[in-house]
Every structure is written in C-alpha cells, then in structure tokens.
Amino acid sequence: MTRFILRIAVFLLLALPARAQDAFTGALPGLAGGFGEIAASVERLGSLGDPRALPVLRALQDGTLRKAADGRLLVPQGTGFVDAATGQPADAAGAEAVRLNNRVRQALRGALGRLQLVSPDAAERGAAAEAIFRSRGADDVPLLQAAIRREAVPEVRAKMELALAAAQLVASDESAKREAVARLGAAGTVEARALLLEARATNPGMATAIDVSIASIDRTLSFRRAAETLFQGLSLGSVLLLAALGLAVTFGVMGVINMAHGEFVMLGAYATYMVQEFCRGVPWLAPWSLLLSVPAAFLVTAACGAALERGLIRHLYGRPLETLLMTFGVGMILQQAVRLAFGAQNREVISPAWMQGTLTLPGGIAVTQNRLWIIVFGLIVLALVFAAIRLTRFGLEMRAVVQNRRIAATMGIRTGRVDAMTFAFGSGLAGLAGVALSQIDNVSPNLGTGYIIDSFMVVVFGGVGSLAGTLVGAMTLGVVNKVLEPWAGAVLAKVFVLVAIMLFIQRRPKGLFALKGRAAES
Amino acid sequence: MSDEISPPLDRTKPAAPVLYLDGVSVVFDGFRALNNLSLVVDPGELRAIIGPNGAGKTTMMDVITGKTRPTAGVVRFRDHDLTRLDEASIANLGIGRKFQKPTMFDALTVFENLELALKAPRGPLACLRWALTGEARRRIESVMEEVGLAARAQDRAAILSHGQRQWLEIGMLLMQDPELLLVDEPVAGMTDQETEHTAALLVRIAGKRSVVVVEHDLEFVRALGSKVTVLCEGSMLSEGSIDHVQNDPRVIEVYLGR
Amino acid sequence: MSATLASPAPAGTGRLTIRLVLLGAVLLLALLPALNRLPADSALHVSDFIVSITGKWITYAILALAIDLAWGYAGILSLGHGAFFALGGYAIGMHLMRLIGPRGVYGHPTLPDFMVFLGYKDLPWYWLGFEHFPYAILMAMAVPGALAAVVGYLAFRSRITGVYLSIITQAMTYALMLAFFRNDMGFGGNNGFTDFKELLGMPLNTANARAALFYASLALLVASVLICARITRSKLGRVLVAIRDAESRVRFLGYDVTRHKLFVFVLSAMLAGLAGALYVPQVGIINPGEFSPGNSIEAVIWVAVGGRGTLVGALLGAFSVNALKTWLTTVAPDLWLFALGGLFVAVTLFLPRGLVGLFSKTTT
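Chains as they are written, first to last, in the numbering used here: chain A, 1 to 522; chain B, 1 to 258; chain C, 1 to 364.
Hints listed in this document are in silico derivations from the structure and should not be mistaken for laboratory results.
Please note that a few of the clues may not be correct.
[What the hints assert, rightly or not] Below, in silico cross-link-like pairs of lysine-lysine (BS3-like), each with a Cα-Cα straight-line distance of 30 Å or less:
1) C/Lys-235 with B/Lys-101
2) C/Lys-197 with C/Lys-325
3) C/Lys-235 with B/Lys-67
4) C/Lys-235 with B/Lys-119
The shape of chain A in the complex, shown without the other chains (with noise of 0.2 Å):
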C-alpha cells in the first residue's frame, strides 16, 4: 500500500514538469510579437505555475530579455546568455531588448507574483502568498491550490491557505466562501478580520457565519495581546527580581537597609561595559564578554559590599534610620565618582547575536529574545539564592547568625565575617541585576534611581524575608504594572501601583508572605 502510494507520488513528481514544460515552451514564443502576444503570454506563463518561467519573466521585467534574429528568447545568466527554451549557452550578438508598455508591465507584475508561489527559496514563495492575499482576486484560486499541493513548508503553507481563502472570498463559489470564512476565522489576525469586515458589506447573506468568525478572531487576537501583555509584565517582574533579590538578602536577612543598592546595580552595569571594552581588543574573547560580565560585576560589586559593611555599616547596627541616611551618602558618592569616571552620558553594552531579534511563540505571540533570557536570568539567580541559603555552609551560618548572634558567635562562628559575606552576597546580587539591565537599559551613572524605590516596594509587598515573597512580589508589580500601562500610561501605572502598595499594606502591614509569632517581634 505504502509502496503504491509512493509510486504515484513519483510519478506526479516527475509528470507535473513534464507537462508544464511542454506549455512553458509553447508560451514563451509570444514574447517575440507584438505587446498584445507578450501580454497574454505573461499572462500564460504566470499562470502556467513553472519555475523556469520566472527567470524568463524577470529578465522581461528588467528589460534584459533579448529576442534574436530567429526568434529564440535568451535570458542573461552569468556574463553571457542562455536560450530561455533550452536552457543552452547562446550567442546575443545581433539580438535586440524586448520591450514594454504598460500593460504588459502590469500583466508582468501579476505573472511575477503568483510565479514566486513556486520559488525554490521558501521565504520569496511566503512573501509571495502575502501579496496575494492582500491583493486578492478570484483567478489566484487554481494557483493558490496548486501551490498548496506542492508545499512542504508549513508556516508558507499556512500563508498559502490564508490567500486562499482571502481569494475564494472573492469568488462565486459560495460553498467555498463559506469555507474561507471559517478558515479566516481560525487564522486570528488582524488583516483576517479587517477581510471578513469587508465580506461582510458585500454578503449580506453570510452575515452570521462572518460574525463567528470575527468573534472568534477577536478572541484570539485578546489572547494574544494577553499573553504578551503577561510576558512584558514578567519580563519587568524578572528585572525587578533581580534588583530586588538582593535588598531580600541585605534587608530581608541582615535587616540592613541599604540606599545605595541602586549604585550597586550601576555599578554592576559599569562592569559589563568594563568586560565588553576589554573583551573588544581580544577578537577570540569578544563573544563571551556578557557572560564574562557575569562573575566580573558579582566580584566587583560584592566586594565594594563588603568594603561597606565593614568600613562603616557595622558601626550602625541597630540604628537603621542612621543606616538608610548614611547608605544615601554613599550611593551619591559612589554616583558621582562614577559620573566623573566615565562621564555623564549614556555608555552602549552590545548585546550578543542570541540575545537579540524577537522569538514568534506558537499562537503568534512575539517576544523578544533578550527580554526572554533576562526572565531565565532572573529564575537561575533566584534558584541560586535560594540554594545559596538552604544547602550551603555559608547559608547555614547565616541563618544562625539573624536567628541569634549570641548563640552563634559561642558555637564558633565568625558573626563579622558572616556579616560581611552576607553583604557582600546581596551587594553581588545587585551587579548581577546591573548585567541584565544593561541589556535594555541606557548604562548612565543614575541607573540604579529609577529602580531602587520599586525594588523596595517588592519586598515590602512580598514580605520581608522571604524569598516566596520576592519572587512573587516582583512577578505581581510586573505584571500589574504592563496591564495598567495601556488604559493609564506608564506613569500613572506606576501611581496606581504606588498606592496599591500602600493600601495593600493596610490589609497586611507585613507583606505577602509575613514571618508570624515571636521571630516576627525581634
């Protein structure tokens, strides 16, 4: 049964030229007449469906196309000619341009098109059923179903099939109207709709059945918007997350309020733009610089944490207004010297070829691939953290510390030493927010302002200490934030959002995940 199948299979394969090349070769004489014959020829030829008339027809357009003396055509190939019947080297001496008017220009420009439907190269055979469907006529029907037949390639095949049904709308055939309707309808876009709209006007008779189309596009369409409406917010959620993951070790852990984790943040973008000036003398090192960047900015904005805690922050334990008005200093400080460092304009971090370009998920929903890989960023940093915390020995001694510093210090742990690496570990965290928000973000010395005030919202709203919390604290301002942008602007989402916070905390003055009973007190 296979092996049948497969011999018919063969034999259209190798029938359907045959008998096409038989036709191509008895149109193509009329290209010698007059403009009236090579009007209809093109005419022919564009309907014939054979690739070997495209050249010919190009050639004609540019107007390259040359007839000699016996009438042969020959078509430019190379530096020489070709007889555009045979395919064979030929001779132009003496031959002369075949010429056009405008109609057979504008027959040209019809054969052409629905000529690309058989292109070897599938993205001229996909552009060529958009400009069908767009410009739709009952004669494209055979071709387009033609087409189909042949096309191996599914997304063209699915634009095919649009045409299709854009051009059978247009035609008499009311069964196969009927049919485009309720393929239209599945398509889900917005040319789609705006077809049927007009389909509408003009087939009253049809009316119902184009309404269930439409609303079913609508339906697809509000999905869609939906659903990248979703992906920005946990895109700016993942960004916040990863400005916030830090304050939620510093703040959330240490209970040390630091102002001048916004310059951290900064800081850490510096440090890409460092790695990626250095990486662009060293050709073989270049691609790698942004995930070079990676440990570079954690190492330099962890250690300038640990300078901090240690040079001053420790001298304010337990006096946290102090510690948030003396952190500010700092991060002036740390702003300035960096605006005179590099200057106050914007610095350019490239990002790397995979990084860029948008990612067309199915159902249509685009996203943009560098957006996308800062939510991956964003989840691994986090899982990090949290393994950071709960398996490692660090993160043991770290608990045991904010649990109770007295007990710890008598079990021999070095309750400085674990104040300093804590800081310096959320302090890291920051750079590595730096490296993401370098991405999509201008790298100028107040980088870390516009983020700093949100990242606290985040942890508030999710709960101090607690990493739940962060995580979805930061999705939740994402999200709300990107559904209130279209109906309220950015800013005023970013009010709302504001207030919301405010009033949240109303209902729950710790957060979203709050710490209960005794530990909560201390």
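We have chain A; now place chains B and C onto it with these hints.
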C-alpha cells in the same frame, strides 16, 4: 476613681467578674502559645500566676492588653469585648500593665515618666494644653514617695538601676489608676526588703482593684497570700491556694518537682 | 532609638542662652534687607545676592524645623517632606500664574501660556479660586496637610514605622514627581511654572519685593519656632518623645499613638507647605524636580547635621549645610555631591547629635 469594689448595678447578683477569659487560644504558625485557656478574676481580687517558661503567661497578658489577637475564645473586661479593641482603648478602659522587662521612656525624667502615665485626657490637643496643677503634682510626688524615687525626680530614666526601673514602672502603673493591674515579674532584680515592700504594696492595692501578678519567685507568691493559677503549655493546670497547688501532683511533675 | 539624645527642654541658663542667641540671629537677619539699601560702596552694603539667598535659606530652615518636629521629636523619618514643600510651592505658583493674566506670551486673558500651548479651552476646575491670594495660601497649607493626613493615617494606623515609613514617604514623593511631569495634569509638566510677574500688587524681582518676601519668610520662621517650641515644651512634646523611643509602651499607657503622630505629621506638612509657598516667589520657578526624592533626603541631612531633637539644631543645620553648598558649588561644583555624601556618612557615624551635640555638654 471608684473606690467601691463593684459597681452599684450589680448589687442584686453576685459580683460580676472583672476579667473573664474563656477558651482562649493563640496559634503562631502552628505553635499553640495559648490552648483553650480560661481564667476569671473577680473585683478586688489578687491573683498570682505561675508556670514554667513558655507556659503562655506573657502571651496571656498580650491577649488581655490587645497586643495579640486570640485565634479563638472570649476575652471580656467587665462588659467590654477586648478582642475588638486596640491597646490604647484597653488601657483607657482601666487596664494597666507592667512589663516583664521594665519599659519606660529613657529620654524623659522620672517625674515626666509619671506625668505621662497620670490619668488625664490623652488626645494630642489635650496634651498640648495640659498644665500641671497642684493636685496632679501632689499625686506624682506621693507616688514617687511610695516607690522611693522622690530624690531622683529630675533624673532621666536612662540612668536608673534595674531595681529603680522596676519601681518606676510600678509607679507609672499607680499613676494610671487602673481597675485591673497586670504585673509581670515585678520583683526581679529587687532586694529581699524591696520584694517584701512590693508584696505589701500589691496586697494593699488589691481590694480596691484587681491585680494579676505573674511571678517566678514562690516566696513572693506565698507572701501575697492569694489564689494561685498554674499555667502549663498554654492551658490552666491547677488553681487554688499556694499550698494546694504546691501539693498538686501534676504541678509537681511539670514545674516544681524538676 | 538611641538614648543619648538631648532632652527636648534644656533647662535653666542653657535655655536662656539659646533664646538670646536666636533673638540676636533674628535681629541680624532682619538687618540684611536694610543694609541692602545702603550705597554699593558702603562698607556695610549687602548685595542682592546675599539677600535673596538668605531669604531662600530661611524657607529651608522652616522646612528643616518641620522635618525636625516629625523626626527629631516623634521619630517619624519622612523622606517625602520635599513633596509637601513642593505642593505649597505649586499652590502659590498657581496664584502667580493666574496673576500673569494677559501679559503671557500668548496674551490669553485667563489661561497660562502652557495651557494655551497644550490647547486647553478653559481653566481646569482645580485652578479655580487661585486668583485669590488668601485661597492660594490656604491651599499651600491644606493640600500638603490633606496629603499628610491620608498617607499618615494609612501608615500610622497599620503601624508602619521606621525605615518602612521612610520608604513609603519616599515612594509618595517619587509618585508625585512622576505625576507632575505629565503635561495632562494641568501643572505645566516638565517646565512647571515660571515667568511670574507680581504678587499682591508688587512686581517681583525688585528690591522691595525681595525685602517683603524676606521679612515674610523671617516672620514665618519666628512663628514656626514659637509653634514648635510650644509643642515640644508641652506634655504633647513629651508624649512625642515617648512615642519616638518606645511607641508600643505609649499605647499601653492609653495614648492613641496614631492620633498623636498624625497631629504632628500633618502640622509638619503644613509648615513645609507654607515654607514652599514663600520659597517659590523668591526663586521665581517651581517644577517637578522639586519632588525628587533627593531633595527630601537632603533636607533631612540638614537636620541631622544641625542636631535632631533640638529646634536650634534644625536651624543651624539648614543654614550651615546650605552655606556650604553655595560656596562649594561655586568653587568646585564636582565636589559638592562628594561633600554632601560625605556629610551623610560623617554625621551618622561620628556626630549622631549633630553640631548641637558638639556645643552642649549635657547628660549622657
């Protein structure tokens, strides 16, 4: 204020309890700090509460004073539902509290601490207009005499010794003139003589007001000569005279006989 | 908080000295506009620049007092007082814009230039009434007061204290900044208000107007000091200090902490609003940049430098830090932010009681 033990309304019935706790439970993340606790304190009664660490004594005080909301149960003061009120309203109803760790206002003097505690209108504007009358001054001075801090009136609370801080807080409690006093470990850090003095003071106050004392020092509890309630794991274990509870085998097992 | 803060009412001779010094300072300040009238070659002549910048600093000092009242006494560290100051400034700015009348570039009889430019047909409803000076002054107090009442009520009621409150107030001023940057808010967007012409019939930018505004600011400063002193010396002041040091203990004494904090926070916001209302006519411009969180926190550091918990400290801090700023931004502009950042660090680490702490040898 009212020097009578019970308000005239209740003359027909036996005196209604001042404090009434029934089936009170407090759960923190699965940990039961109080477990179905019931307690009744009558007008003018002096009650001692003892129990091992973690028995729920402080949590019970937190529930009565509005610091902690019970997960379940009834908490009434006279005819007020305390579970619906905040700390300030409860204090204004006439419940005063002395904390286990003496807490006062270190930046203020002894006199100023007592002045703040003195029963008077509590609103911001009332405080702004407040002028110290001779009568108020005399009251503060007499309480300072009572708690032995007259010489330190103008010293800031921050520089008092631990025992003096205990006394200052007891003094603040007296200034509030509450109907019910909750006293958490009043004699920790006091000399024997001071302990005796405190016991006598509490006994004197009781009778006019109700007093609930939490204390570890059994000699002190004995000196109070009052009914004793033993708490354990958030519930009442035993209740009666000090001799009764000291001989209760359950009490011996969990608390005294260790 | 730290127990080393000075008692709010320094007793006896100390208090008398402070009063005399303050009185002297006020008299000295009051002389400035008069000395400005002396011929330019006179040895005692004071330049226009000195008068106008001192007038500005006086409004800053009022803002510092307002912050000190909330932070130094009641322990409410607001990082959003710049917003109250700016709202007061916007209120008077609206009045000044209305007074421009047809003298604007577009010559519209009622609409300010930016509204004509943005295609407004009528004044928005919230602009009505601002042509009257008393109404504008009332709003310069009422709007910051109302905002403080709402934010304060929500925050204090849910017992949001310490750094959480600071962050919330910072978010508040940040949100307002974003909002005021928008053109469709009807407050001039990015550019805010400027090109003022006159106030109470006085053309601005004249020596007379400068002197009048200077004296008005000085009068408000004196009034603010008296009001704040009245509060801090009263039992209310002691309740506030008690709240600052042991908030929950105050509750167990029967004080409704929310009401006390709200009272002082709203009062403080109204003072800040009035200060802003006097600031804007002197500098001739108000824009959303005034809402920037950095401004608020800079004002907090004035108080910290001078010494929080003392009214003198707030005044001292506002004048000294701003004098430093004016000097440094002219001789070495790049260094100012380092100096300011350094002040934050140095004061919190080495001088928790501020400059006042250096002079007073009181109790430990």
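Just pull the numbers of the violated hints for me, sorted ascending. No hint contradicted; all consistent.
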